[in-house]
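With the hints as extra help, turn the sequences into a complete structure.
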Amino acid sequence: MNRVTTIRLIAGREITERLRGRATWILTGITTVVAVLLIVGPAVLRQPARTSVVGLVGPSAQALAPALEATAKAAGVDLTTMDVADDATAQSELTPKQPSGRGLRQSGGLFSSATATLDAALKLDTGSATIEFYQTISPSMAAVLRAVVQQAHQRDVLTQAGVSASAVAAAQQPEPIHTVTLQPAPSDLAGRSIAALAAGILLYVSVGIFGNAVASGVAQEKTSRTAEVLLGAVTPSELMTGKVIGIGLVGFGQMAITIGAALITNAVVQSSFVPSAVWVLLPAILLWFVLGYTLYAFGFAAAGAMVARQEEVQSVSAPFSVFLVGGFLLTYALIASPNAPWVKIVSYLPPLMPVMMPARLALGHVAVWEMPLAILIMLASIYWVARLAGRIYATSLVRGGARLSWRAALRSR
Amino acid sequence: MLEISELYQRFGDRVAVDKLSLAVNGGEIVGLVGRNGAGKTTTMRAVMGIYEPIAGSIRWSGHAVGLPDRLRFGYMPEERGLYPQMRVLDQIAYFAQLHGVERPSATTQAQRWITKLGLDGRQLDRVVALSHGNQQRVQLAVALVYQPDLLVLDEPFAGLDPSAVDSLSDVLRAETKRGTAVLFSSHQLDLVERLCDRIVILDQGRVLASGTLDELRARVPQRLRVKVATSTDWVANLKGVVVLTKDPEGVVLAVTTGMDTQAVLRLAMEAGHVEFFGFESGGLVELYRQLVVD
Chain A
33 MNRVTTIRLI
43 AGREITERLR
53 GRATWILTGI
63 TTVVAVLLIV
73 GPAVLRQPAR
83 TSVVGLVGPS
93 AQALAPALEA
103 TAKAAGVDLT
113 TMDVADDATA
123 QSELTPKQPS
133 GRGLRQSGGL
143 FSSATATLDA
153 ALKLDTGSAT
163 IEFYQTISPS
173 MAAVLRAVVQ
183 QAHQRDVLTQ
193 AGVSASAVAA
203 AQQPEPIHTV
213 TLQPAPSDLA
223 GRSIAALAAG
233 ILLYVSVGIF
243 GNAVASGVAQ
253 EKTSRTAEVL
263 LGAVTPSELM
273 TGKVIGIGLV
283 GFGQMAITIG
293 AALITNAVVQ
303 SSFVPSAVWV
313 LLPAILLWFV
323 LGYTLYAFGF
333 AAAGAMVARQ
343 EEVQSVSAPF
353 SVFLVGGFLL
363 TYALIASPNA
373 PWVKIVSYLP
383 PLMPVMMPAR
393 LALGHVAVWE
403 MPLAILIMLA
413 SIYWVARLAG
423 RIYATSLVRG
433 GARLSWRAAL
443 RSR
Chain B
397 MLEISELYQR
407 FGDRVAVDKL
417 SLAVNGGEIV
427 GLVGRNGAGK
437 TTTMRAVMGI
447 YEPIAGSIRW
457 SGHAVGLPDR
467 LRFGYMPEER
477 GLYPQMRVLD
487 QIAYFAQLHG
497 VERPSATTQA
507 QRWITKLGLD
517 GRQLDRVVAL
527 SHGNQQRVQL
537 AVALVYQPDL
547 LVLDEPFAGL
557 DPSAVDSLSD
567 VLRAETKRGT
577 AVLFSSHQLD
587 LVERLCDRIV
597 ILDQGRVLAS
607 GTLDELRARV
617 PQRLRVKVAT
627 STDWVANLKG
637 VVVLTKDPEG
647 VVLAVTTGMD
657 TQAVLRLAME
667 AGHVEFFGFE
677 SGGLVELYRQ
687 LVVD
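Same order as they appear, the protein sequences are chains A and B.
Taking the working numbering, I'd label the letters of the first sequence as residues 33 to 445.
Taking the working numbering, I'd label the letters of the second sequence as residues 397 to 690.
Quick caveat, the hints were computed from the structure, so don't treat them as lab data.
Where hints are given, some of them may not hold.
Claimed, not checked - Residues on chain A that point at chain B, a partial pick, calculated with CB under 8 angstroms:
1. Met33
2. Asp157
3. Gly159
4. Gly264
5. Val266
Since we're looking at a predicted model, the values are computed, not measured.
Beta carbons are placed, not taken as given, at the ideal position from N, Cα and C, and that holds for glycine.
This is how it looks when you write it as structure tokens:
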């Protein structure tokens, strides 16, 4: 029997047994539901965009309506005006009221709160102006209102000083200002940040779960002495490789189901929270799962072979878990400063790469040449880790007695 | 034929096997006996390639044992070596496939051994759900399903009830009729005596004695037990006789060449009423005690 057939048999057993287990399906169900909810949730929960309404109290304020709407339009503020008879009415309309007799959609969504008719009110008195609002006012709306009041005041003063109306109008005509953006921010920056974090979580969790599954499986074969029986028919490297491939394929399938469900959901919902690069990002997550899992799985296999008891798996494989958690935590730093040189350098460290590279990709900060370079570094790392792990695995798997330390395992031949 | 020659294995400072040599022919059952730590399991693991011996050689049919040979060896470790959560039928068929049996045939053979070993109805049960005895049967099926040329069985009878012991003994005898060589270890000396064609007694990694039961018996001096109702002091009058033990059941004398047993009987009758006078067989238990315990 050749090596490929043997590895296929071992991997096949892993796949069959894991697909028969309830845990695999429960985990797949949970990750898929979470991914779908992450896409559907914001679309369901978001408040629809609404035009702000400013109440103009009294004739003098109402005379400013055209200027107010023009200024707001120029400033990019979605605003309209409403004439209000008196201050009491304005205050009543500024106070939020629970919606009644309207459909959920009309009232602003499934979880809408009480709403008010007016967002702000403007009242002009002789020599002063009053802006009223319920609790808060958006800075842009406040700026528009102040600018319009200021313009009206200037016009009155200049007119009284004998300046012609056309000259006043010309003076108040704003100078065109051009803006130049040196590094345009992605239009979906918020979505990309969330996607980076989600990619980090997904890869950290999945590589950790399936890596630990490898360690537990190897430890079980060792402590139950099944490895002794198996080694009569297969070599240690065939046994380790078959297990890593088998569990990896189950993990890949699970990830593919989750990501497939996410893509389909996004196509249906068309959530504005999901970045437009999702079609590149999600396959990239799958690719980095394969690379990251393979790198870690060999290490976890060596760790599993070193234990004397099944309960020791967690402590022996702790170094790998620390790297995975570290990679995930650094994703936050990556989101905060995606262009920092140290972030780029750290993202090339092989143990951190599987979590950080997809996060960088999600943020749109990976140059075209970086991805092939990162993949090459990972493939080289996998080769060396597999060789080292294979040596530890072969010598530790049938070794009795107390648990081996990493130092002792590396020294053993 | 399995030939182990000058096998040497050490773990740290402890020598587990010290220049051990033995052979197992096709169609022959060889029993390894010895106290815990005598080197039985280490020898078997070396045969199965689990350890690379420091020195010595293990040969099969005249050449050094390699993986292709081991695919034709069946192994049953001292502690069970099965996947606890795997179904019985799948488990046996899986090991058959690993040993080169094609899938359909592996399933057929697995089912055949399930029936043969009295596990019918348990095919779809997980191994962990079986009793100790039934797990032992599954382990045996795993070792036998690909019709091995050599069976290496470490304590295969441990913890089995008498009927299971009988059924396993029958299976081993049937396998030897097929030409299979069997090397097995056991602490149940009566069983070894009954089942084995040849016996190897180990202690501290060395072979203390080996041969057929008759050959081994011949190495034990015959013993003469005499019980006189009133006294054991009469033996003081015996000249040139070695007294092995004295206890309430009488005295035990080493029977040596030229010893006049009739003279012993006469002296005993003169001392009082002789309740027992007879030779004790030099069985394996006695030989073992004499070689290992004493």
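Hint-by-hint comparison with the structure:
no.: 1; hint: Met33; verdict: 5 angstroms, holds
no.: 2; hint: Asp157; verdict: 83 angstroms, violated
no.: 3; hint: Gly159; verdict: 86 angstroms, violated
no.: 4; hint: Gly264; verdict: 5 angstroms, holds
no.: 5; hint: Val266; verdict: 6 angstroms, holds
The structure shown violates the earlier hints numbered 2, 3.
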